[in-house]
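Engineer: The whole structure should be built from the sequences, with the hints applied where relevant.
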Amino acid sequence: MSATTEPLSAAESLLRRSDDLRRGLGEDVRDRIVSSLYGEAQRISQRAVHDEKARRWDFDQKIDRLVTSRLFGLPLMLLLLAAVFYLTILGANVPSQMLAEALFAVEDWGAGLFQTAGSPEWLTGLLWHGVYRGLAWVISVMLPPMAIFFPVFTILEDLGYLPRVAFNMDWLFRKAGAHGKQALTMAMGFGCNAAGVIATRVIDSPRERLIAILTNNFVPCNGRYPTLIMLAVIFVGAAFPPAWASVAAAATVVGVVMLGVGFTLLVSWGLTRTVLQGEASAFTLELPPYRRPSVLRILYTSLIDRTIFVLWRAILTAAPAGAVIWVLANVDAGGRSLAQHAIAFLDPLGHAIGLDGVVMLAYVIAIPANEIVVPTMMMCYLGAGMMTEITNYEDIRRLLVDQHGWTMLTAVNLMLFSLLHNPCATTILTIWKETRSGKWTALGTLLPLSMAFLVCFAVATLWRALAP
Amino acid sequence: MATGHDCETCPAHAQLAQMGISLGDADHLVALAGNPNTGKSSVFNALTGLRQHVGNWTGKTVARAEGGYRYAGKSYKLVDLPGSYSLLSASQDEEIARNFLLFGRPDCTIVVLDATALERNLNLALQVMEITDRVVLCVNLMDEARRKGLEVDVRSLSRDLGVPAVPTVARTKEGLPQLVQTVADVIAGEIVTKPLRVQPPPEVAQALDELTPLILEIAPGLPNARWVAMRLLDGDHEVRQALLRGELGLLAETQASPAERQSSLISIHGSQ
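Taken in sequence, the protein lines are chains A and B.
Going by our numbering, the first residue of the first sequence is number 1, and it counts up by one from there.
Going by our numbering, the first residue of the second sequence is number 1, and it counts up by one from there.
Please keep in mind that the hints were generated in silico from the structure rather than gathered at the bench.
Honestly, I wouldn't trust all of these hints.
Here are the in silico distance ranges between beta carbons for each label pair [said to hold, decoys possible]:
#, chain 1, residue 1, chain 2, residue 2, range
1, A, D20, B, A72, 19 to 25 angstroms
2, B, R70, A, D20, 48 to 54 angstroms
3, A, R292, B, E210, 48 to 54 angstroms
4, B, R147, A, S9, 58 to 64 angstroms
5, A, Y161, B, Q206, 37 to 43 angstroms
6, A, S9, B, H237, 17 to 23 angstroms
7, A, V261, B, H237, 29 to 35 angstroms
8, A, L466, B, Q206, 54 to 60 angstroms
9, B, R171, A, L454, 57 to 63 angstroms
10, A, G438, B, Q206, 48 to 54 angstroms
11, A, R32, B, L216, 22 to 28 angstroms
12, A, L429, B, G55, 46 to 52 angstroms
Pulled from the structure, derived: some chain B residues nowhere near chain A, Cβ distances all over 12 angstroms [said to hold, decoys possible]:
#, residue
13, D25
14, S41
15, R64
16, R155
17, S156
18, R171
19, G189
20, E190
21, P200
22, H237
23, A242
Since this is a predicted model, take the numbers as computed values, not measurements.
A virtual CB, placed ideally from N, CA and C, is assigned to each residue, including glycine.
Structural biologist: Below, the structure is given as structure tokens:
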């Protein structure tokens with residue numbers, strides 16, 4: 001063991017010299033070494049491989065050069081995203097309305113049937129105006145957009161576009177001190193944040209994985225799209241001529257998504273400079289060849305694995321939530337219903353951040369799943385007794401603006417709150433399962449929640465100060 | 001250092017034991033590296049048959065398969081490294097593969113390449129060749145390449161890279177006898193490899209030229225000093241630690257002297 005003391009100092013001075021050289025070479029030494037490696041690999045393989053179908057491969061590479069170019073990569077990505085939302089908004093409107101009409105007709109019919117059979121008032125109310133109405137809302141609001149969004153999104157996935165997205169976003173995440181693969185787990189979050197949190201297993205470094213877990217919530221999951229799409233259509237789309245309404249609404253949703261990505265990067269950056277300090281690690285990303293999407297598989301994975309799966313989860317939480325809302329709205333205490341007490345109690349808080357008590361109550365009830373925020377709000381606004389038929393966006397707009405005093409500020413802040421607030425119960429549970437730490441679970445829950453309140457409060461205060 | 005096989009006392013043995021590997025009664029240690037989805041497991045299964053053992057890398061959750069085969073009176077131990085695209089980054093799989101090549105010092109390393117995606121696969125091969133000289137390329141999935149209309153010139157590969165390359169179809173065992181023979185020849189010194197070392201950009205090369213002699217001072221005769229220098233310039237934590245603990249010095253001492261391997265019949269020269 002005597003041999004180890006003498007070379008130690010030599011090793012230390014060597015390290016010191018290498019650190020000097022490393023600083024002199026700048027940050028991208030690895031990139032430069034890797035690109036010389038790749039250049040050599042390309043030269044050698046070109047000499048060794050003769051491709052009879054070289055043209056097609058060239059075509060692939062040409063597409064890749066465009067899709068992943070510094071200049072066009074990101075704008076192209078946003079354009080594609082906007083097109084997906086445009087198709088969703090345009091296509092979902094009519095089926096949503098038809099579904100709502102059909103399902104609410106069943107509610108009237110069912111309730112009537114119960115009454116003639118002599119069932120007690122509370123049972124009819126609880127089952128048909130509570131549980132069933134909650135389900136009808138969730139299905140009519142969620143099913144059509146999902147049935148369009150998921151297949152289109154799956155086509156992009158099947159084509160091999162998602163790895164290119166990760167490639168385009170890599171430098172942004174590295175600048176934020178996070179792992180480039182976070183772009184992938186973020187993309188998973190667009191489907192479901194709980195799935196996104198599980199997907200962070202692909203990140204090896206525990207530090208970068210925690211960053212990805214804690215920030216996954218900042219991209220809207222499909223449970224939140226109905227809220228965003230509805231608000232974009234009612235408040236932004238309606239302000240444009242009908243021909244441009246869907247385009248404006250789609251652009252708004254893309255704007256919100258971009259804002260979410262912005263918050264993801266900002267919070268990642270903040271975390272790497274405070275509680276999770278360290279350097280970003282590099283990784284190799286394989287860009288698979290483009291494939292012709294297979295229609296049957298897309299229909300299967302998007303409709304069975306995703307649409308039905310997500311809808312089923314929404315139904316499971318919507319049924320009890322519907323019952324809870326009915327009970328809150330119909331049990332009186334001191335002349336007012338429990339819901340009215342809760343709304344009155346939450347109203348000052350809601351008002352301070354540009355929202356109101358009903359929205360706050362909806363978010364408390366919707367902790368198990370974001371999908372039921374809009375249905376809960378609608379049911380609270382509609383109350384228990386007055387059974388107004390609400391089947392299309394115009395009816396919703398009249399209800400919110402004319403009867404409940406919503407303004408553009410309410411819409412903007414609800415979008416912000418929806419984007420930033422705490423993850424749903426499933427995601428919180430998943431964070432705990434993945435980290436096994438109460439501390440990180442609490443941070444993953446409270447950090448977004450406090451950001452939602454802060455941002456909404458700031459926007460509301462500014463808006464009110466600047467408004468005439 | 002003793003030139004014979006005094007395994008119990010040789011420091012290499014301690015390093016191997018740390019990784020949970022014992023050479024047992026095998027004569028030679030062969031590593032199997034490659035990108036994911038290159039048919040590496042098919043090669044492993046075809047070579048070892050039923051003589052294999054699956055466990056975990058010590059202290060890691062990554063599966064490790066090892067097995068053995070006999071050829072021309074010698075027994076070989078084959079260790080299947082985790083599939084990886086490079087040896088640069090900090091992923092667990094890549095770290096395991098790299099540490100094994102560096103500290104496990106296999107007698108020969110087979111790099112399995114996907115003939116249909118040679119360019120991507122060569123990146124790993126070039127990196128393996130920075131760490132160890134004794135490399136045999138196994139250009140697998142030749143049948144798929146043929147089906148896709150790709151004509152892979154294995155001799156051109158071998159000439160450019162300075163190491164032998166064997167075309168194979170592991171699923172049907174096509175080419176595997178030649179692979180085993182080539183590995184034996186490389187280990188016996190019948191084939192002398194001269195791996196291509198990629199020339200980095202000038203400013204990096206300059207820094208490498210300055211660091212490499214300093215590393216050789218600490219670890220005389222270290223065959224991969226240039227690679228170590230490259231890792232230091234990249235701020236590689238593991239390599240720094242290995243240097244501080246004096247492990248690289250030990251590596252150099254146990255590396256076999258090149259004089260033993262002069263009985264070459266065939267010599268392949270790299271383009272550099």
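Engineer: It remains to establish, for every hint, whether it holds in the given structure.
Structural biologist: Checked hints:
1. D20/A - A72/B: 19 to 25 angstroms: 51 angstroms, violated
2. R70/B - D20/A: 48 to 54 angstroms: 52 angstroms, holds
3. R292/A - E210/B: 48 to 54 angstroms: Holds - the Cβ-Cβ distance for R292/A and E210/B, about 52 angstroms, lies within 48 to 54 angstroms.
4. R147/B - S9/A: 58 to 64 angstroms: 59 angstroms, holds
5. Y161/A - Q206/B: 37 to 43 angstroms: Once the Cβ atoms are compared, 41 angstroms apart, the range 37 to 43 angstroms for Q206/B and Y161/A holds.
6. S9/A - H237/B: 17 to 23 angstroms: At 20 angstroms between Cβs, range holds.
7. V261/A - H237/B: 29 to 35 angstroms: 30 angstroms, holds
8. L466/A - Q206/B: 54 to 60 angstroms: 58 angstroms, holds
9. R171/B - L454/A: 57 to 63 angstroms: 59 angstroms, holds
10. G438/A - Q206/B: 48 to 54 angstroms: 52 angstroms, holds
11. R32/A - L216/B: 22 to 28 angstroms: 24 angstroms, holds
12. L429/A - G55/B: 46 to 52 angstroms: 33 angstroms, violated
13. D25: Fine: 31 angstroms to the nearest Cβ keeps D25/B off the interface.
14. S41: At about 18 angstroms from chain A, S41/B clears the 12 angstroms cut-off, so the statement holds.
15. R64: Check passes; 17 angstroms lies beyond 12 angstroms.
16. R155: With a cut-off of 12 angstroms, R155/B comes too close to chain A, as the shortest Cβ separation is near 9 angstroms.
17. S156: 4 angstroms, violated
18. R171: Per Cβ check, R171/B is outside 12 angstroms of chain A; nearest 21 angstroms; holds.
19. G189: Check passes; 25 angstroms lies beyond 12 angstroms.
20. E190: 24 angstroms, holds
21. P200: Given that some Cβ of chain A is not farther than 12 angstroms from that of P200/B, nearest at about 5 angstroms, it is violated.
22. H237: 10 angstroms, violated
23. A242: At roughly 10 angstroms from the nearest Cβ of chain A, A242/B sits no farther out than 12 angstroms, so the non-interface label is violated.
Hint violations for this structure: numbers 1, 12, 16, 17, 21, 22 and 23, all remaining hints satisfied.
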